[in-house]
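K.L.:
Residues per chain are reported as follows:
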Amino acid sequence: MTRTALVTGVSGHIGARVAIALAAGPEFDRVIGVDTAPPPPPSGEDGAVLGRTEFVRVALRGPDLVEVIRDADVDTVVHLSLVSGPGGGSGGRPAMKEHNVIGTMQLLAACQRSATVRRVVVRSTTAVYGSSPHAPAVFTEDTEPVEVSHHGYARDATEVETYVRGFARRRPDVTTTTLRFATLMGPRVDSPLTRYFSQPVLPTVLGFDPRLQFVHEDDAVEVLCRMARADHPGVFNVAGDGVLLLSQAVRRTGRPMVPMPSPAFRLVSGLARGARLVDFSPEQLALMSHGRAVDTAKLAAELGWRPKYSTAAAFDDFLRSRGGPGDLPRALVDWLADFVTGR
Amino acid sequence: MDDFQGRRTDENGGGRTADERLAELFAFLRRRVTGDYEVDEFGFDPELNEKVLLEALRPLYRHWFRVEALGLDNVPADSGALIVANHSGTLPMDALMLQVAVHDELGRALRLLGAHLVYQLPVLGHLARKSGHTLACPEDADRLLRKGEVVGVFPEGFKGIGKPFSERYRLQRFGRGGFVASAIKAGVPIVPCAIVGAEEIYPKIGDIPPLARLLGLPYVPITPLFPWLGPLGLLPLPSKWLIEFGEPIRTDTYDPAEADDPMLVFDLTDHIRETMQGQLDALRLRRGPAFPPVSL
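Quick mapping for you: the protein sequence lines, in order, are chains X and Z. Using our numbering, read the first sequence as starting at 164 and increasing by one per residue. Using our numbering, read the second sequence as starting at 92 and increasing by one per residue.
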């Protein structure tokens, strides 16, 4: 029997890497990548961005997905096409919701009809826990969010997870895995937070210093591949070990931090959003005030593996790719030390 | 700079020269400005706590309140424990002093479980996290105790800290006993702790409920100095303090599942409350007057 994996969201960075890694391994004979947009054009190296992966462009609505799954006898579905923000000029928030929620419903409906699908892996986000001063400091997989998010990405992810739970109930014979990823970080990640940390001056919310947690892109790909290759049913948090405080992360960038009162921060991020510089959604504003940390013990126990990059290491790797941290503050301290000790 | 060579520094220097201390200071500054330090998952920043936050409190602890800590042997040296203390004084100065006592006299970080209000406020919430504290909720309490930390809790909450001066040293109702359940689940000892002295720092003789409602605070106190003297009224009165850690109450004799038995939890909570009231009365007697005449 040939084994076939279907990877959605394959035009994105993580999706493409997962598809390539699965195609390179011995577990799958065939890897089909689907997305609503074509993958970026090949950039040299091995001729095609997706390597051995077959790309199929699908429409969100319509019978495309059902046909792909039926015709190819797909047995493993890796669903990565959750988008975290309304991309530039592609219909804004309604299109994003359509893509995330309706896209997942369509995919799960196709899986439910399939006689061959044995394993479904879905990418979610730790944003489903929200960010609140009333929540426990560290979320485990079974923590109920104190306040359910009413905004964008987190709400989409919550709805997606609801559909996945429904699917798992109706098809108990299919292994269903939900992965809640912390903020992705790394040289090739392009997200609101990486764009934020690339600015020359970093505004923060006065009086708040949130805990942030990152997962390195390499670790994210590794976890997704491991989940696609073997049965690991359940919901898992995925994050690098440890946390960074926002102030600490900003200091590591070596750039100036500008604390501003919460309303001013909202205004500035609104302007930046309007100018399409940094796209900060309401739940990211909450994150920038109250932060979030998750427990990853369940993942480590299930896989017998820990992410290679801690939160701090992932962030440092990202900084190195952007030309390394500025060293003005350090130089200032060195100068002061020399001055005081008279050398 | 030759003047500094070889000159001995104050009692904390432990034989180090001024140059060494200066080098240490700059190494500290360098770590701080480059973000090269670790915080735990609760946001606890041990270095900042030890070198800056506690340092700011030590003069109050040593010279203003002249705190004496007793019964230090009752707190385990390297395993988890739950310190249960009385709460008083209008502003949570007792929490800060308890933190200094546990850190400086016992060499351990105190992880307090604080009210929701603290974590809603800017600055305060994040300073609290940096000094190791977190929100009072079962998840955080269980997690800290499982990690073998010394966790502190004030079960009286606002009822204790905001009570009028006339009710000083009378323990208020304890909450739902959630702290007892957490201790049983983790199998760690409960250390009853009496704090004498905090009651007199801001004697609360009145309250302004409409203003409190307006500001969303549990109370806006009137003390003999506040608000009459403005910011000067925030100066705590220099009462003499004693902090006593009592005989630990073992919980590892129970099955962790018994944490869900409300009757057991209620009984144990009552027992702890009675123990603490007795401890508090004895300690108050031992201290004598709150403002002893200064002997020079």
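Worth double-checking, as some hints may not be accurate.
Here are the simulated lysine-lysine pairs, DSSO-like style, with alpha carbons at most 27 Å apart [said to hold, decoys possible]:
1. Z:LYS276 / Z:LYS331
2. X:LYS471 / Z:LYS142
3. Z:LYS250 / Z:LYS142
4. Z:LYS276 / Z:LYS142
5. Z:LYS331 / Z:LYS142
6. X:LYS461 / X:LYS471
7. X:LYS461 / Z:LYS142
8. X:LYS461 / Z:LYS331
The set of hints was computed from the structure by calculation and includes no laboratory data. Remember, it's a predicted structure, so these values are computed and weren't measured experimentally.
K.L.:
Each hint should be assessed against the structure and marked as holding or not.
P.N.:
Evaluation of the provided hints:
1. A hinted pair counts as satisfied when its Cα atoms are at most 27 Å apart, and LYS276 (chain Z) with LYS331 (chain Z) does not qualify at roughly 37 Å.
2. A C-alpha spacing of about 32 Å is found between LYS471 (chain X) and LYS142 (chain Z), which places the hinted pair above 27 Å, so the restraint is violated.
3. Distance restraint check for LYS250 (chain Z) and LYS142 (chain Z): the Cα-Cα separation of roughly 33 Å exceeds the 27 Å cut-off, and the hinted pair is therefore not satisfied.
4. The hinted pair formed by LYS276 (chain Z) and LYS142 (chain Z) fails the criterion: a straight-line CA distance of about 34 Å is larger than 27 Å.
5. Distance check on the hinted pair: LYS331 (chain Z) and LYS142 (chain Z) sit about 25 Å apart at the alpha-carbon level, within 27 Å; holds.
6. For the hint pairing LYS461 (chain X) with LYS471 (chain X), the CA-to-CA distance comes to about 16 Å; that is within 27 Å, so the pair holds.
7. A threshold of 27 Å between alpha carbons decides the hint, and for LYS461 (chain X) with LYS142 (chain Z) the separation of about 35 Å lies outside it, so the pair is violated.
8. With a CA separation close to 49 Å, the supplied pair LYS461 (chain X) and LYS331 (chain Z) exceeds the 27 Å bound.
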